[in-house]
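Q: For the protein sequence lines, the chains are W and E, in the order given.
Numbering follows our numbering, with no gaps: position 42 of the first sequence is 42.
Numbering follows our numbering, with no gaps: position 143 of the second sequence is 143.
Watch out, some of these pointers could steer you wrong.
Derived coverage of chain E by chain W (criterion: at least 3 residues anywhere in the stretch with Cβ under 8 Å from a Cβ of chain W; other residues may be distant) [said to hold, decoys possible]: (1) 7-13; (2) 20-30; (3) 33-39; (4) 61-68; (5) 91-105; (6) 138-149.
No lab work stands behind these hints: they were computed from the structure.
Glycine included, C-beta positions come from ideal geometry on N, C-alpha and C.
There are 2 protein chains.
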Amino acid sequence: MRILPKTLKNLVSSFRKLSSVGQKTAERYAFELFEWSTQETEFLAEAVRAVKNKLTRCDACSCIKEAGASCPFCDPVTRNEEILCIVSHIKDPFLIEESRAFKGLYHVLPNLFSPFEEKDIASENIQRLLGRLEKLPVKEVILALDTTLEGDATALYFQNLLRPRGVKVTRLAYGIPIGSNIHYFDSQTLHQALSGRQVLT
Amino acid sequence: MRILPKTLKNLVSSFRKLSSVGQKTAERYAFELFEWSTQETEFLAEAVRAVKNKLTRCDACSCIKEAGASCPFCDPVTRNEEILCIVSHIKDPFLIEESRAFKGLYHVLPNLFSPFEEKDIASENIQRLLGRLEKLPVKEVILALDTTLEGDATALYFQNLLRPRGVKVTRLAYGIPIGSNIHYFDSQTLHQALSGRQVLT
Chain W
1 MRILPKTLKN LVSSFRKLSS VGQKTAERYA FELFEWSTQE TEFLAEAVRA
51 VKNKLTRCDA CSCIKEAGAS CPFCDPVTRN EEILCIVSHI KDPFLIEESR
101 AFKGLYHVLP NLFSPFEEKD IASENIQRLL GRLEKLPVKE VILALDTTLE
151 GDATALYFQN LLRPRGVKVT RLAYGIPIGS NIHYFDSQTL HQALSGRQVL
201 T
Chain E
1 MRILPKTLKN LVSSFRKLSS VGQKTAERYA FELFEWSTQE TEFLAEAVRA
51 VKNKLTRCDA CSCIKEAGAS CPFCDPVTRN EEILCIVSHI KDPFLIEESR
101 AFKGLYHVLP NLFSPFEEKD IASENIQRLL GRLEKLPVKE VILALDTTLE
151 GDATALYFQN LLRPRGVKVT RLAYGIPIGS NIHYFDSQTL HQALSGRQVL
201 T
């Protein structure tokens, strides 16, 4: 809508920066906000601001943490320092924690190799990871990367980089997600699920 | 995710207040915002705040307008005061303006009658509408209401209220939306489209 008041237009253009939010959705959000209470909009404005002011990335693992606080993902008392999980997005450590299947360390390496784009993992990130591996008693590195071309290329890179250092390198199991019907999956997923089948007794 | 930092949780809970935004979408938005520049988050925070501070509803028509400025929907110079359109949502006048088919006045009456809820149009809103109709040279009132049970009940109410006052009361044409396939529509819509068919030459 071209004739919106400028104040609403600003809000719409800001919401549109969120991925998969189009013009209509952004307009809907803006009109909804107008009907919120002042208290609710103030809370949102403060929360938006706080994301930059009160959160930061951990210098060691690059996970999100409250600024000024120590990183809960790097705590040597509660975490198992013999196992380190490489993920490609800041959201992933929180998801993996939810699973309660992992108590080791994390390392976020945001840039994956891409066969289509000229995009490399920044060498400073690699150096920081290698520095951590030298200091920490890590015996196993889990590659928790996407099962895409980019994820595969990155996994291969780490495999070659880490194996000569005497570190065990593993990847998440491929297969069928919990709660899904077999007939929805592609042949490659089924192939992996069959190859990786497990004995039940 | 229960273990998110409090700062992110605040943002997630705020985004979840938007209709059709669930937990996963709200978390996605929050993580995306963390990767925005400070400039971008400040712009959004300010835009959210401005929606309450810089916008207001027009005292006459209840449309959204910039606070302190005159209402563009009530301007006696550019608007045709002989025709007034009743809508049920603050977004509707902007949508109708986009159509360029209407240059009259608007009146937003947010609450529709509902056969399922104990909800009535607040009588002060009705009084304000009747006050405007007495002051203005309105000859026709267009009911641009939803084609739902609530919309129909409200339309009937206005029809009975306004007809004795010598005002012509009209409703938007029912039919098939532009750009759609006939076979997607229900029999009631087709019935209306047939009843309201127009001679072509």
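Q: With a cut-off of 8 Å between beta carbons, are at least three residues of the segment 33-39 of chain E near chain W?
A: holds (count 5)
Q: Check whether three or more residues of the segment 138-149 of chain E sit with their beta carbon closer than 8 Å to a beta carbon of chain W.
A: That given contact is violated, which follows from only 0 residues of the segment 138-149 of chain E lying within Cβ reach (below 8 Å) of chain W.
Q: Are at least 3 residues of the segment 7-13 of chain E within less than 8 Å of chain W when you compare beta carbons?
A: Three-residue rule met by the segment 7-13 of chain E, so holds; n is 4.
Q: For the segment 91-105 of chain E, do three or more residues have a beta carbon lying closer than 8 Å to a beta carbon of chain W?
A: Our answer is that it holds, as 5 residues pass the Cβ test (under 8 Å) against chain W, meeting three.
Q: Under a C-beta cut-off of less than 8 Å, do 3 or more residues of the segment 61-68 of chain E approach chain W closely enough to confirm the stated coverage?
A: It holds: at least three residues are needed, and the segment 61-68 of chain E offers 3 whose Cβ sits within less than 8 Å of chain W.
Q: How does the coverage statement for the segment 20-30 of chain E fare against chain W, requiring three or more residues with Cβ below 8 Å from a Cβ of that chain?
A: Since 4 is at least three, the answer is holds.
Consistency note: the structure conflicts with earlier hint 6 alone.
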